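Chains as they are written, first to last, in the UniProt record's numbering: chain A, 1 to 413; chain B, 1 to 265.
Don't read these hints as lab results, they were simulated from the structure.
There could be a bad hint or two in this list.
[To be verified] Result set (DSBU-like, lysine-lysine): computed pairs, CA atoms no more than 35 Å apart in a straight line:
(1) Lys27(A) x Lys11(B)
(2) Lys103(A) x Lys184(B)
(3) Lys11(B) x Lys184(B)
(4) Lys65(B) x Lys82(B)
(5) Lys9(B) x Lys184(B)
(6) Lys184(B) x Lys27(A)
(7) Lys105(B) x Lys65(B)
(8) Lys105(B) x Lys27(A)
(9) Lys65(B) x Lys27(A)
(10) Lys40(A) x Lys103(A)
(11) Lys40(A) x Lys27(A)
(12) Lys364(A) x Lys105(B)
(13) Lys65(B) x Lys184(B)
(14) Lys103(A) x Lys27(A)
Values in this document were obtained by computation on a predicted structure and should not be read as measured data.
Okay, here's what each chain looks like letter by letter:
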Amino acid sequence: MSAPTLPDLAGHFGRYGGRFVPEALIKALDELDAAYRSAKQDPEFQAQFQDLLLNYAGVPSLLYRATRLSEALGAEILLKREDLNHTGAHKVRNVLGQALLAKRMGKPRVIAETGAGQHGVASATAAALLDLECVVYMGETDTQRQALNVARMRMLGATVVPVTNGSRTLKDALNEALRDWVSTVETTHYLLGTAAGPHPFPELVRDFVGGIGVEARAQCLEQLGRLPDAVAACVGGGSNAIGIFHAFVPDEGVRLYGFEAGGDGVETGRHAASITGGSVGVLHGNRTYLLQDDDGQTIESHSISAGLDYPGVGPEHAWLHDTGRAVYEPVTDAEAMAAFQLLCRTEGIIPAIESSHALAGAAKIAPRLREELGRTPTIVINLSGRGDKDVHTAGAYFGILDQVETVVPGENT
Amino acid sequence: MSIAETFAKAKAENRSVLVGCMPAGFPTVDHSIEQMIAMHEAGCDVIEVELPYSDPVMDGPVIQKASDIALANGVRTRDTLKIIDAVSSAGATVVLMTYWNPIEKYGVDAFARDLAAAGATGLITPDLIPDEAAEWIAAADAHRIDRTFLVAPSSTDERIAMTLANCRGFVYATALMGVTGARKSVSSQAPELVQRIRAIDPEMPIGVGLGVGNGQQAAEVAAFADGVIVGSALIRCVLEADDRTSGLDNLRALSAELADGVRRR
């Protein structure tokens with residue numbers, strides 16, 4: 001097992017990853033790769049990044065011992081509280097790192113794709129902080145579903161471009177961002193939102209969010225005096241998961257679990273579980289697992305969680321799956337929402353629906369681990385984001401929105 | 001006629017090769033065959049069949065729309081092979097342009113075999129760079145399919161040399177940094193890129209694509225390139241036509257205008 005040395009210089013994790021993009025982008029990717037390598041070695045860049053994380057983003061996030069949830073699940077549960085970061089998710093780490101890199105490369109403009117709007121908001125935030133022009137591509141369907149996040153991005157000074165191609169969701173936003181980048185690459189950095197896409201994105205995003213695992217590992221040693229039995233995270237594109245997994249990969253005693261969005265159930269075909277319900281192919285610049293038909297056309301994904309609603313997955317997860325180092329399982333919408341409610345009621349924490357997939361997955365593996373180990377297992381769950389953005393979706397799901405919906409603006413007396 | 005013969009013939013006639021692009025199955029399988037044959041008869045030397053793909057990141061709005069229509073009408077990879085067979089049987093020199101995943105899904109060697117059997121002479125791969133193409137290069141050699149990779153104004157000389165070393169038939173020079181679609185004026189980056197390619201390999205035929213939409217622009221590009229590649233403008237003839245007959249008429253007329261353009265270098 002030699003994960004820390006992967007990918008190779010061309011961005012391959014075994015057969016996965018690489019670069020499947022138009023030649024026009026290769027120079028920009030090479031420049032990004034070179035800039036990233038030099039920044040990685042530059043103490044000044046690292047100090048700047050750490051300073052922003054510490055003094056702006058509120059990192060390191062807490063590792064919180066969730067006592068009442070532990071009782072409910074029959075496992076010792078530690079929550080990595082990425083939901084407490086500025087902008088409410090792990091994503092702030094990635095955007096700050098990449099925005100600093102854009103500055104370093106002298107690129108005054110950043111573009112980003114977004115599904116639910118979380119990465120878009122985070123990108124707009126970093127762009128505002130570092131004085132960069134920011135354009136966010138968002139599927140038209142999503143701009144309608146997530147009108148508040150569109151407003152947030154605009155408040156932060158970003159331009160939001162609704163994408164009307166294809167399925168008008170995240171994958172089409174990503175296509176459109178790539179098209180923009182082909183035309184504007186001299187002045188523009190593509191601030192990709194997950195640990196996927198062409199090399200070096202999977203590697204550099206992993207490294208920027210890798211602090212999650214480094215911190216969690218140290219916090220475990222400090223608080224428990226030992227490492228956990230398992231680490232659990234949700235997997236869409238997979239950045240929060242690779243962020244917490246990476247530091248634990250060499251620790252063979254620590255089981256790694258990635259929980260994909262099972263939607264209505266993998267067997268129904270309406271899901272976003274690329275590894276457990278997809279097959280190997282090439283999408284958005286890298287070879288990985290994806291949802292595709294017999295002709296290699298991408299199939300639309302389905303999940304209650306907009307952040308996991310993507311038909312591909314980062315290449316390092318594909319590799320960790322094939323090598324068996326990490327285990328990937330689907331969690332349905334219903335299971336995730338039950339876990340969402342459980343965390344609200346036991347700990348007073350409203351989680352993102354994305355992160356609720358990790359909670360639900362932990363609930364599934366707890367009894368298995370207990371049996372296997374013959375004792376109470378210790379599980380670290382990456383609580384990758386907070387649920388404020390999901391209040392409408394969850395409220396509708398649980399049927400508790402009646403009072404809100406009767407309020408019509410302008411009709412108050 | 002092979003790609004090499006097509007370019008050699010045009011060179012002997014002191015003109016450029018006209019490559020006309022049309023998505024397979026747009027708007028239906030039969031109509032796309034009819035359109036491609038019309039383009040061939042009206043003067044396109046090479047028919048570039050584009051395999052419709054769900055996520056065409058190199059393509060502008062016109063080709064995206066045509067691809068979406070083809071896919072919505074149920075076109076499959078095997079239909080594309082059938083179309084190639086029909087069009088090459090009608091006497092056209094056919095190359096296929098496709099994003100990589102449909103080939104990987106089909107099976108790389110099987111695809112090269114079936115593509116050759118259908119009568120295509122080459123394959124253009126917009127999102128497959130030679131760095132990732134070992135399996136394709138082997139399959140293309142085994143089944144004698146010409147390989148066209150892309151170079152761009154942003155490509156370094158080192159990458160141009162590496163790409164040329166892996167091309168056979170012709171190299172696709174993307175005239176500008178951007179996606180497909182006709183532009184008001186021909187890119188100024190294109191002649192410089194062509195010069196850089198020629199300096200590295202004077203023999204490799206160079207097709208220039210992205211942005212050409214009329215006879216005048218075709219003539220401008222033909223002045224410095226061995227081949228002029230036109231896609232979106234031809235597709236628009238069909239997309240914007242009031243009916244089928246006028247669409248075909250427009251397609252023939254534009255093909256003829258472009259064919260005249262490549263002879264006015």
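- Item | Enumerated hints in conflict with the structure, sorted upward | Result: no hint breaks.
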